[in-house]
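Here is what each chain is made of, one letter per residue.
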Amino acid sequence: MIPAPFEYARAESIDHAIELLGGADGAKVLAGGHSLLPLMKTRLAQPSLLVDIGRIGDLSYIREDSDVIAIGALTRHHDVANSELLQQAAPIVADTAEQVGDPQVRHMGTIGGSIAHADPAGDMGTVMLALGAEFVVRGAGGASRTVAAGDFFKGLFHADLAPNEVLTEIRVPKTAGGWSYLKFHRRAIDWAMVGVAAVQRNGSASVALTNMGETPMRASGVEEALAGGADPATASARADEGTAPPSDAFASAEYRKEVSKVLVRRALEEALG
Amino acid sequence: MATTEKYVGQPVLRKEDPELLTGRGRYTDDLSVTGMLWMSVVRSPFAHARIKGVDVSKALEVPGVVAAFAGGDFEWAGPLLMAWPVTDDLKNAPHMPLTTDKARYQGDGVAVVVAESRGAAMDGAEVVDVDYDALPAVTDVEVATEHGAPIVHDDFGTNESYTWSLTNGKVDEVFANAPVVVRERYRIQRQVPNAIEPRAILVEPNAASGHFTMWSSTQIPHVLRTAMALATGIPESKLRIVAPRVGGGFGSKLQVYPEEALALAVAKKLGRPIKWVETRSENYLATHHGRDQLQEMEIAADEDGKILGYRANILANMGAYLRIIAPGTPVLGGFLYCGAYMGEAYHVSITGVYTNTTPVDAYRGAGRPESTQAIERAMDALARRVGKDVVEIRRMNFMPPFTEATQSIGGLMIDSGNYPATLDAALEMFDYEQLRKEQQARRDAGDVRQIGIGFSTYLENCGWGPSKVIGNVLQYAGGGWEAATVRCHPTGKVVVITGATPHGQGGETVYAQVAADELGLKVEDVEVLFGDTDISPNGWDTYGSRGAAVGTPAIAQAAARVREKARKIAAHDLEVPENEVEWKDGAFRLRGAPDVARTIPETAFAAWRAHNLPSGVEPGLEGSAFFDPENLVFPFGAHICAVEVDTETGKVDVLKYVAVDDIGTVLNPMLAEGQVVGGVVQGIAEALFEEAVYDDGGNLVSSTMTTYAIPGAPDVPTIDVGMGSVTPSTTNELGIKGVGETGTIASPPAVLNAVVDALTPLGVTQIDRPATSERVWRAIRDARGGKGGRA
Chain A
1 MIPAPFEYAR AESIDHAIEL LGGADGAKVL AGGHSLLPLM KTRLAQPSLL
51 VDIGRIGDLS YIREDSDVIA IGALTRHHDV ANSELLQQAA PIVADTAEQV
101 GDPQVRHMGT IGGSIAHADP AGDMGTVMLA LGAEFVVRGA GGASRTVAAG
151 DFFKGLFHAD LAPNEVLTEI RVPKTAGGWS YLKFHRRAID WAMVGVAAVQ
201 RNGSASVALT NMGETPMRAS GVEEALAGGA DPATASARAD EGTAPPSDAF
251 ASAEYRKEVS KVLVRRALEE ALG
Chain B
1 MATTEKYVGQ PVLRKEDPEL LTGRGRYTDD LSVTGMLWMS VVRSPFAHAR
51 IKGVDVSKAL EVPGVVAAFA GGDFEWAGPL LMAWPVTDDL KNAPHMPLTT
101 DKARYQGDGV AVVVAESRGA AMDGAEVVDV DYDALPAVTD VEVATEHGAP
151 IVHDDFGTNE SYTWSLTNGK VDEVFANAPV VVRERYRIQR QVPNAIEPRA
201 ILVEPNAASG HFTMWSSTQI PHVLRTAMAL ATGIPESKLR IVAPRVGGGF
251 GSKLQVYPEE ALALAVAKKL GRPIKWVETR SENYLATHHG RDQLQEMEIA
301 ADEDGKILGY RANILANMGA YLRIIAPGTP VLGGFLYCGA YMGEAYHVSI
351 TGVYTNTTPV DAYRGAGRPE STQAIERAMD ALARRVGKDV VEIRRMNFMP
401 PFTEATQSIG GLMIDSGNYP ATLDAALEMF DYEQLRKEQQ ARRDAGDVRQ
451 IGIGFSTYLE NCGWGPSKVI GNVLQYAGGG WEAATVRCHP TGKVVVITGA
501 TPHGQGGETV YAQVAADELG LKVEDVEVLF GDTDISPNGW DTYGSRGAAV
551 GTPAIAQAAA RVREKARKIA AHDLEVPENE VEWKDGAFRL RGAPDVARTI
601 PETAFAAWRA HNLPSGVEPG LEGSAFFDPE NLVFPFGAHI CAVEVDTETG
651 KVDVLKYVAV DDIGTVLNPM LAEGQVVGGV VQGIAEALFE EAVYDDGGNL
701 VSSTMTTYAI PGAPDVPTID VGMGSVTPST TNELGIKGVG ETGTIASPPA
751 VLNAVVDALT PLGVTQIDRP ATSERVWRAI RDARGGKGGR A
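For the protein sequence lines, the chains are A and B, in the order given. Under my numbering, the residue at position 162 of the first sequence is numbered 162, and the numbers go up by one with no gaps. Under my numbering, the residue at position 144 of the second sequence is numbered 144, and the numbers go up by one with no gaps.
Chain A on its own, in the form it takes in the complex:
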């Protein structure tokens, strides 16, 4: 409940943050703090340095960029949920943001922090995967690169980010078709026990899963079955293919697999219906 000792520095700009990150072993970026601080308080995470990027104002935005909506990494969940632009052009993103945590969390937590933290139980990564979003990552010397959501999540709490890189922007394609994000949890404030994102894109259905393995993942068996003409009920039976969900205090892996099938069917019915 009291973190181990750590140093703290407030970054004035992204490049300043990157410079600070490059200067210390075991440094961590602090954005909203809603994933990192609980880990530090239980001393499961003991970073040597926190680089606070929370006050870098120019990383909080939501704007249209031709056929993409660009979201600054420091945009709070609350602002994502209430963005008219997103509600219109990529409604699944706004809807999912509304399902994150509780109002306090949504006012502090950021979309970039949530994605970069790469918690497989986080909702936003799954939605990004289903949407085929892209992430802009900035590194030393002002170098930027763009990573597809499908390539970004490397493992448990492990994203494609070097120690001195910062996620700066999320680029979400506009969607016109049906969509659904179904979050199954014990309490309203909980992480997803299982989550399912289903999106109609370019005439096919894209389906991704929350908390069904070490990373957010595509339900490729379901997508394959749908592409072959299966109806949602039939396709959803393959929801657990290739998954390896955890067993924990809230649910067994077996149960999560069964729930994933029910949720995939319901999400597809919503998205395609």
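Worth double-checking, as some hints may not be accurate.
To be verified - Below, computed lysine-lysine pairings styled on DSS-like, alpha-carbon distance capped at 30 Å:
1) A:Lys41 x B:Lys58
2) B:Lys15 x B:Lys584
3) B:Lys388 x B:Lys306
4) B:Lys493 x B:Lys15
5) B:Lys58 x A:Lys28
6) B:Lys306 x B:Lys437
Since the hints were derived computationally from the structure, they do not count as laboratory data. Values in this document were obtained by computation on a predicted structure and should not be read as measured data.
Using the hints provided, position chain B relative to the given structure of chain A.
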């Protein structure tokens, strides 16, 4: 100012709220004393381990650390108080504040580190080197009684501490001859109390006088003072215990904790003030837990469902040590396995069992939620068995209404009761027939989402009191009376001093209401003082729904004494004989000329000046009283719950909840409703959400608010509370029963019965607690023979 306005029965706003709601309440953690040091406890990470050595030397190297002590560095005058040896042959292992031989649960204290800051104390605690030899652990109450189980206290050779039993009537004969016997087995999962304010302690020693002041976030400053004297050897006369604002307890602060004794002992050793504040993680490991029983419940009945007998065998998990009232906690429900129902025979047997888990003790309802869930769920099982409606089975077995104390088959002399009345009122509020129709429609349609309706027509005993009964019948070491002083200041303002220490319930408000009514005063002219053993030296504190039922009669009695003295002064002042004045409309009035009157403030001023007092009357106007009730009090009621169950995922949503509680005289309907609503929510949490889970190694898996599922506002429905049924208690003159625990006692079986009811057409007759979505899903799958699919 005198007033004729009556406050009892009115929704008076809480006197304590302006302070609490604007953040001006001072809790223990808000207090600091010059020269104060912080303490941190080194806790065993193992559930069961022999301690081969404790080396604190590395801690002493941490900057800011002042001292560090292992268990062997202390000399105690005695163990921590265990006040309830329910049987003569109970096996009690003395519980010392730090363990020296073995760690017996994850969180057991082995050393303390003292430092200039809280952080330094924690950093020091992290590097204390304890040489553990890990042993196999036992956490399950049933496994602990099996041959070959790890033994928690080696000297006993067994984990069974005691067996308490009660038999009324010819139990074996009744069960042998009964046409119908229902046998149920229930597991009451363990709960972790989570008061919003964690425990906190500050001890200030006076090295010159040998006095110690301890501020502690406790429900029981009076009991604690005695217990601390026994443990530390500091004389009770030199100990002052203060419970400042306390942010919730629910029984978890009805305890004498190791940290309290340690803070005193360390303050004595170092001659400096010591502060300790529990972290939430420590709250999970080191604050006592609740419930955790395995129940075998049987009902014998005739073919119609008329009940003949009750038989319950209970294994109660005590955890690693017997805490202050732990053995008696399940016994508080031991007379209630028959609920509000009749019968010819009754047998209950309760065995307390040691395990390598956090000690278990009283948690809101203490023993009665357990017995209530057993009988109320078994009533539904009986209804299913004999093919009766769950309402009908209850009606035909209720004790008929009574207004004088009446004996139950469970052995209680119940003060008063009218069980059908609360059931009728609840059914009307619930719109029962309509919901049954909706349920049938969903069943007929094979809807994925099924509806279930559950009842709990409970009876409980509370108002922890009669000293003779709890001492001589129940073998409790303490008393059960309550004390009060009512003191009138010269200007007519009144101070009420109570030993029934409130900690969030609204006691200040209802105590002031009662005193104001007795003395014809405005409620704002009455201040209530409590929670400081130097200010209110006498009392037994607040728990077991005793604040209203035992605390307020003492206040009324003390106020009556004030009035008796004031009557003499008033008559003397009016120059008439005493029998010429009568107490009416808040003042002493001349018979036949009521406008000629003297108020309490007027007599208080006269008593203070003492210029002209009647002969033999001493100056000053105050009265004190000790109230010791003759009996407990027995609230009852009917709770009805409707749930919707998603039969594909097992997810349960509570749709509707109605609670009608008969608590006798209602002192403040707003506060009573708040108690019921809070209690019901806590009970819904128990039925559907909260569960303390240990793994095989004895590690507490659900050790944070992330993994221990306390529901939030979005997870529970509006609770509809009915207060229309009032059957005054015959135990006290005010007719009060008690409302602090009714909601928690009544609600879990109502919810669980509703879940089972929803799934009865699918063949489900039993759901383990809490009814998580996975448990419900498994029950549905098992009932279908392992096949999934839609309803």
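Does the structure keep lysine 388 of chain B and lysine 306 of chain B at a Cα separation of 30 Å or less? Roughly 11 Å between the alpha carbons, so the hint for lysine 388 of chain B and lysine 306 of chain B holds.
Against the 30 Å threshold, does the CA-CA distance of lysine 58 of chain B and lysine 28 of chain A hold or violate the hint? holds, 29 Å
With a cut-off of 30 Å on the C-alpha distance, tell me whether lysine 41 of chain A and lysine 58 of chain B pass. holds, 23 Å
For a C-alpha distance cap of 30 Å, please report whether lysine 493 of chain B and lysine 15 of chain B respect it. Holds, at roughly 15 Å.
Lysine 306 of chain B paired with lysine 437 of chain B [C-alpha distance capped at 30 Å]: The given pair, whose Cα atoms are some 27 Å apart, holds under the 30 Å limit.
Proposed proximity, lysine 584 of chain B with lysine 15 of chain B (alpha carbon, max 30 Å): Holds: lysine 15 of chain B and lysine 584 of chain B sit about 26 Å apart, inside 30 Å.
The earlier numbered hints are all upheld by this structure, with none contradicted.
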